[in-house]
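Here is what each chain is made of, one letter per residue.
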Amino acid sequence: MTVQINRVDGGRVDRGQRIGFTFDGVRYEGHPGDTLASALMANGVRLLGRSFKYHRPRGVLAFGSEEPNALVELRRGGRQEPNTRATVAELFDGLEARSQNRFPTLRHDLLSVNDLFSRFLTAGFYYKTFMWPRAFWERVYEPMIRRAAGLGSVSLEDDPDAYDKGFLHCDLLVIGAGPAGLMAALTAARAGVRVILADEDFEPGGRLLAETHVIGDQPGADWAGQVLDELAALDNVRLMPRSTVIGAFDHGVYGAVERVADHLPAPASGTPRQIFWRIYAQRAVLCAGATERPIAFANNDRPGVMLGGAVRAYANRMAAVPDRRVAVFTNNDDGHRTAADLIAKGIEVPCVIDTRADAPAVAGTDLFAGAQVIGTRGRLGLRAMTLRLADGSTRQIDCGALAVSGGWNPNVQLTCHQRGRPQWDDAIAAFVPGDTLPAGLRVAGAAAGRMSTHGALESGAGAARAALADLGHATVAPDLPRAEDAPVRLQPFWHVRGARGRAWLDFQNDVTVKDVTLAHQENYVSVEHLKRYTTLGMATDQGKTSNLGGLAVMAELTGKSIPETGTTIFRPPYTPVSFGALAGRSVGRAFHPVRETPSHTWATEQGAVFTEVGDWLRAQWFARPGETHWRQTVDREVLQTRRSVGVCDVTTLGKIDVQGADAAAFLNRIYANGFAKLPVGRVRYGLMLREDGIAYDDGTAARLAEDHFVVTTTTANAVLVFRRMEFARQCLWPDLDVQLVSTTESWAQFAVAGPKSRALLEKIVDDVDLSNDAFPFMACAEVTVCGGCRARLFRISFSGELAYEIAVPTRYGDAMIRALMQAGEEFDVVPYGTEALGVMRIEKGHAAGNELNGTTTALNLGLGRMVSKKKDCIGNTLSERDGLNAPDALRLVGLKPLDPGDPVAAGAHLMAEAGPVDAGHDQGYVTSAAYSPVLQTPIGLAYLKDGAARMGEVMRLVNPLEGTEVRVTVVSPHFVDPDGGRQRA
Amino acid sequence: MIIHHPLLGPRDAQEFVYLGDASLIDRPDWQAEDAAGAFHDYLYLRDNPAGLHRELWFHEQGDRSWLVVTRDTTTHEITSVELARDVARARGRSR
Amino acid sequence: MHDLIPLSPLGGAAPQVDMFDGLQIREVTDRALASVAARLGHEAVCQGTLRALIGADLPGPGQSVEGSVQGLSYAAFWTAPETWMIDADHGAHELLAQDLAQALGASASVTEQTDGWCRFDLEGARVCDLLERLCAVDVRMMGQGGVTRTALHHIGGYLWCQAPGRRFVVLGSRSSARSLHHALVETARSITG
Amino acid sequence: MGYSGLRVIYEALTGHKGWKPAWRDPAPQSEYDIVIVGGGGHGLATAYYLAREFGQARIAVLEKGWIGGGNVGRNTTIIRSNYLLDGNEPFYELSLRLWEGLEQELNFNAMVSQRGILNLVHTDAQRDAARRRGNAMILNGSDAELLDQDGVRALYPFLNFDDARFPIKGGLLHRRGGTVRHDGVAWGYARAADRRGVDIIQNCEVTGFRIENGRVRGVETSRGYIGAGKVGVAVAGSSSRVMQKAGLRLPIESHVLQAFVSEGLKPLIPGVITFGAGHFYCSQSDKGGLVFGGDIDMYNSYAQRGNLPVIEDVLEGGMALIPALGRVRLLRAWGGIMDMSMDGSPFIDRTGIEGLYFNGGWCYGGFKATPASGFCFAHLMATDRPHAVAGAYRLDRFRSGHMIDEKGQGAQPNLH
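Protein chains in written order, with our numbering: chain A, 1 to 985; chain B, 986 to 1080; chain C, 1081 to 1273; chain D, 1274 to 1689.
Read the hints as simulated data drawn from the structure, not as lab findings. One should not assume that every hint holds.
[As the list claims (entries may be wrong)] When the alpha-carbon atoms are kept at most 20 Å apart in a straight line, the in silico DMTMM-like pairs for lysine to aspartate or glutamate are as follows:
(1) A:LYS870 to B:ASP1014
(2) D:LYS1539 to A:GLU157
(3) D:LYS1290 to A:GLU556
(4) A:LYS869 to B:ASP1057
(5) A:LYS871 to B:ASP1014
(6) A:LYS345 to A:ASP9
(7) A:LYS871 to B:ASP1011
(8) A:LYS763 to C:ASP1110
(9) D:LYS1539 to A:ASP109
(10) A:LYS945 to A:GLU913
(11) A:LYS871 to B:ASP1006
(12) D:LYS1518 to B:ASP1026
(13) D:LYS1337 to A:ASP9
Since this is a predicted model, take the numbers as computed values, not measurements.
The shape of chain A in the complex, shown without the other chains (with noise of 0.2 Å):
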């Protein structure tokens, strides 16, 4: 156990409770109210990772998400969790924490050898080497450069915890609790409008918890405190703290993400670790601060060299510091603010180095005024510093800590997500939002410019007036209390010249100003190539305090001002945002809804596989004891079907109930064959086009009534296919009396297919005739079965048996199959799966989705004289081209192997019985294959070119990819009963 030697007065901390965690494997203490950086600074732990590139020792740089630098693991096995930045890493008791991208450990990392070759390694370098001999990218270059590269790592086991996502409605989203947020919120939560305040901290506050400002007669951070209690109380306002809204997308929709659970152990059972929300926000004020950016000099990365706002945000709210001898190093008057604040806590403070030639005195300790620091020492952490005085002596200081201050960015980021460009401001030396904000956003406080505290409870104030009067509603203007309200008082300064030694801006991606130089020396001059090119601005922090100091140094090498030389934009999200959490629940099995048929109990009850059709789950077969292969249950059901009787549950057909006036003239420009004559009491098979001309989709569709069809669809067109017929009632024909309903899920429907179906359906339908002559081929009545349910009764075949279609409302559908089963009994009847289905299928030549393959027209499919000519009907004038009606189109046609033993393969390709096997000689592919027990052998359709004119053509059947060729004889589709007298029988 360590004593926590950088531990001081004051602060935040509980210091009652005493919270163990780990880092590296070595015990320490920190108290509640810490982030691991807090607490790993308040024991003296200053080196906490190694960069990208070089593998330089780095430590803590800032104090919240735009950290850089302190990138850890947290947790083991499927809670790993790489990249954590331990500067919003909440303490808890057992944390357990490691640094990454070191080997083999974080203080002796055999990568930092990098560092010693960094001048080979230089912006762009790899472009430039690594492509000789050409092998040797992939096998050596390569994977070298992978292993070196990446930062944390993933265990690969699943995360065990839950993520939720949510909707949240408001009037008012308040971005950033700090001053201007509390007060944005508080303006708008006392005109009673819906507010939400969501702040990224685990407590809300902001710069009012890491300043010793006062407003009004209390400490900044009391203020706060009081105006979340009166938040609190109020049923319109929902406060949202340890949530980071991510992004800013169309129409005032946000996205944020709550922590619910990362500050503890293990999240409580059944509840989320985070909870991804989108928030529907009339209007939204941005308040999210601003951002310190560093200033480069020679080794300005050691472990020490921290932002100024930092370190006093680490002291005044967490009671910790770098180390007891801090130096301060800036270009404005905030820096001297990190001296006077330390001083207060007792910290060495040996001297303030500032560039300003004018800079005012600091109490306490010696100002070198008009000064640079040229250089650091300290192998794992700074020991001491070089100055470069005004008058150009140097001088070597001792200090264990450096706190950098150059400016500080308005935190502009979400201003960015819709393309907004930010504009400079020479006044603060920094971008501010620019003109074309996501619509209904405002910006407040130090995001929008305003640095003091007085500017940011005022703009916070006003924007949140001006949000609510868009919105209609009256505010009154709250009394603002006093606060601090000094200028920014800065000499912009981005980089110290002069000196030897790498200087960096981007420290995690260790781009320096070097780089910079030598991106301009080759013309990457542009913003973007210069990102690109160097990567600045491209780690983890999305270069919040990197861009602008690397923008700055193009500026001069260009000698254009910085709004010359140009801004990048920021795009989503504004931190980075676990994969589980956007994913949510839809996870595993959960990954899609689950579609059951009415018989799915049943099915589950006779053992049947299971198979996914879209989202509906079938059963493929139902396996009987003794059934070792697949291929036997499908084969008996099969020919048990075709001998007596076989039931299936086909629910998963899409059903639309179409009804109306102009039902029929509206389903006769729909189908490309004709319905207007369909009699009632009939049913039609029919062919849909796309209106290219192409076959889309094909089903029945039954006269109920005059007025009244009930039209079926493919499993996987049911939804398109509704959507589309929509469209042609309101769009095209908004005339036409039709209404649709889809009944898809209303009805149970099961075929009931073979010689025997009748005698079967005899005992379950209530007194109809169904005899040949009563109720034939393609009949349809609306009957009641099992002693009076209501049902419907369509004669349709699939598999070219006699057969009929049973539909029962689906309440009844588990009875029914139950029914049809114990009735079928004395035929031997036997349920079949998708798989049989799809065996007699192919058998009778019908086609399905394979077939229907979205490129293949009626012509392709042997059905060119279903489509109508005389009339007009969707797709019928395009599919006319030439390109669709070649003389040597696809046809549809049969395939058998003329050694039974050979297999034929769906996605196989058809050549010539002799010449040559290339895509130059393509004839045709094979849609569906199956075994047919019927024939006993392998048949197949296939598309073959000029197909119909080559009956008895032997083909070879190629599958390269599986190495089998085969030869196959070219046959009629219809393998079974092709004059279709059994299923008019």
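Use these hints to put chains B, C and D onto chain A, whose structure you have.
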């Protein structure tokens, strides 16, 4: 995105399915002289403007209305939403 | 009377009930549903006939009404332009669609919808907490009788407010009943756990 | 000045003083033989091949912003030749062969990495389709292997095999597919073209075409009029906008496709994986970020940004496929504007205006096509005949009914 449905008010665009240019309402006459050419232009050619675009959306997770939405393709701002059936009738479509 | 035994959408002989702290999720199987779409040019006749049949004026978009005729209670909610869903007791109205069609004649297209849907009644103080994790509807602002179609965890359905902030009906596609129920229960555990 | 390892060492030892601009920034001349509109991958490659293969001189590439700023710098860096149809596969196979020698040809390491692409199959119908495609690839001289579930598991043991809503049944592996450092392609072609005398003119927006008697004479630009013997337009994403200035209406819609990258991770995913039951595909960059994407946002857009539904849809797919990624973080999302064509296939063709050529309609597949697109467009512009492998990419193919529809979705661009 949010679409202000003329009957149902603001709805998340995720409830809708997008089709394309509202000119798809203007299906040509199949018996016209150059029906083939007219259908080609109707089905395949697009203005594809960078700016205001009248386009068809279907409220699939809603009332199953087809809507004509006028939206700026450079900013995504929506300036008007109409029932497509009304638009179709106004453009002379009937039976 | 026929001898076919109905199953609930969740596959049970009886509807399922799940209890949580501040929330009850109850599967409902005793309601009959039928949609009524007025035919072109017959809108007034359709509405007038329906008014007499259910004892209430048909509601506008996003709304429902309740009515009663001869001691039998009905509800109707708007589903699409000139289209409504009629809700009635299943015991008394197993043939609701048939009866409506008979009464409405050529003035409307009636479609039986009873078994197209599974229904869960959600009740309790936490009901809005539950629903805001599942759908984009502003449930806290939904008023008495408000009805909206939406997607709950990728499953399409209707949300029907029967007591603001306290009692909602969810109608989901029947074949997805188990997935919908799973989502409701998992989320209920999440907010109450 | 050539790039090489020795050169890097020499420069390192001498202070990197010798590196020259990768390309010049010349002022536009008043006239060129050939003007290419669009300084993206395709335009720069076209200029390079015109100079290198077809002996053309006096070539300029006009770019409205900075080169490589469009889709070549916004894609997910995948290269592949795994197409089904005759109109496509030979073209993409040519492209893959050009990729295979690209770095040596350009003297620029664009990090062509043939890491293999695996398209997963989850149903029997998908396996049938994969077999048809795989055979078409092999018959066209490309490579393909059909894997069963064990084969997939051997490559990617961490995919969701045990608790999946749509179980993995196998996959089609295309070993020569892989990834390329996208920016490097633009810069490599730019540098190589520049070295052959091509003028690359940035911040030069074409505002109009000067057309006289049915023949193009030059282009109006934000930097003045530039005369040209021939003009080739390669501005995918903005094709309709630019060609409209020449009075053409195209079979194209512009849609936004989002792409994503995670925080950097130690090596995890060796190749490219495509989920067959959701919208998700993923590879890992040499820097360690998972680079992934899914479907387009579905609505016409020129805004170069998308919305949450697609972001969530993609991540749902990602988590369904790889449940171990729950605690990996999405770092950045961005959008590119796609020329979505009416059959999902591109155009490399003459226009009705003499001397004006058009290259576009690349949907979300333009990056992998870059070398062949440049090569074939250069061939067309130099010889006035389409290259043999690009003959199907005609603008009038919908009129004649010769669609090249890989997905079979018909004339709805957002479904391709």
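Structure-based check of all given hints:
Note on A:LYS870 and B:ASP1014: the hinted pairing holds, with a Cα-Cα distance of about 14 Å set against a maximum of 20 Å. The straight-line distance between the Cα atoms of D:LYS1539 and A:GLU157 is roughly 15 Å, inside the 20 Å bound, and the hint therefore holds. Distance hint between D:LYS1290 and A:GLU556 is fulfilled; the C-alpha atoms sit about 18 Å from each other, no more than 20 Å. Under the criterion of a C-alpha separation no larger than 20 Å, the hint pairing A:LYS869 with B:ASP1057 is inconsistent with the structure, at around 41 Å.
Distance check on the hinted pair: A:LYS871 and B:ASP1014 sit about 11 Å apart at the alpha-carbon level, within 20 Å; holds. A distance of roughly 7 Å separates the Cα atoms of A:LYS345 and A:ASP9; the hinted pair therefore holds under the 20 Å criterion. Of the pairs offered as hints, the one joining A:LYS871 and B:ASP1011 holds, with about 18 Å between alpha carbons and a cut-off of 20 Å not exceeded. For the hint linking A:LYS763 to C:ASP1110, the alpha-carbon distance of about 29 Å lies beyond 20 Å, and the restraint is violated.
For the given pair, D:LYS1539 sits about 16 Å from A:ASP109 by alpha-carbon distance, which is consistent with the 20 Å threshold. Straight-line distance between C-alpha atoms of A:LYS945 and A:GLU913 comes to about 14 Å, which keeps the hinted pair within the 20 Å bound. With a CA separation close to 26 Å, the supplied pair A:LYS871 and B:ASP1006 exceeds the 20 Å bound. Distance check on the hinted pair: D:LYS1518 and B:ASP1026 sit about 19 Å apart at the alpha-carbon level, within 20 Å; holds.
For the suggested pair D:LYS1337 and A:ASP9, the alpha carbons sit about 59 Å apart, so the restraint of at most 20 Å is broken.
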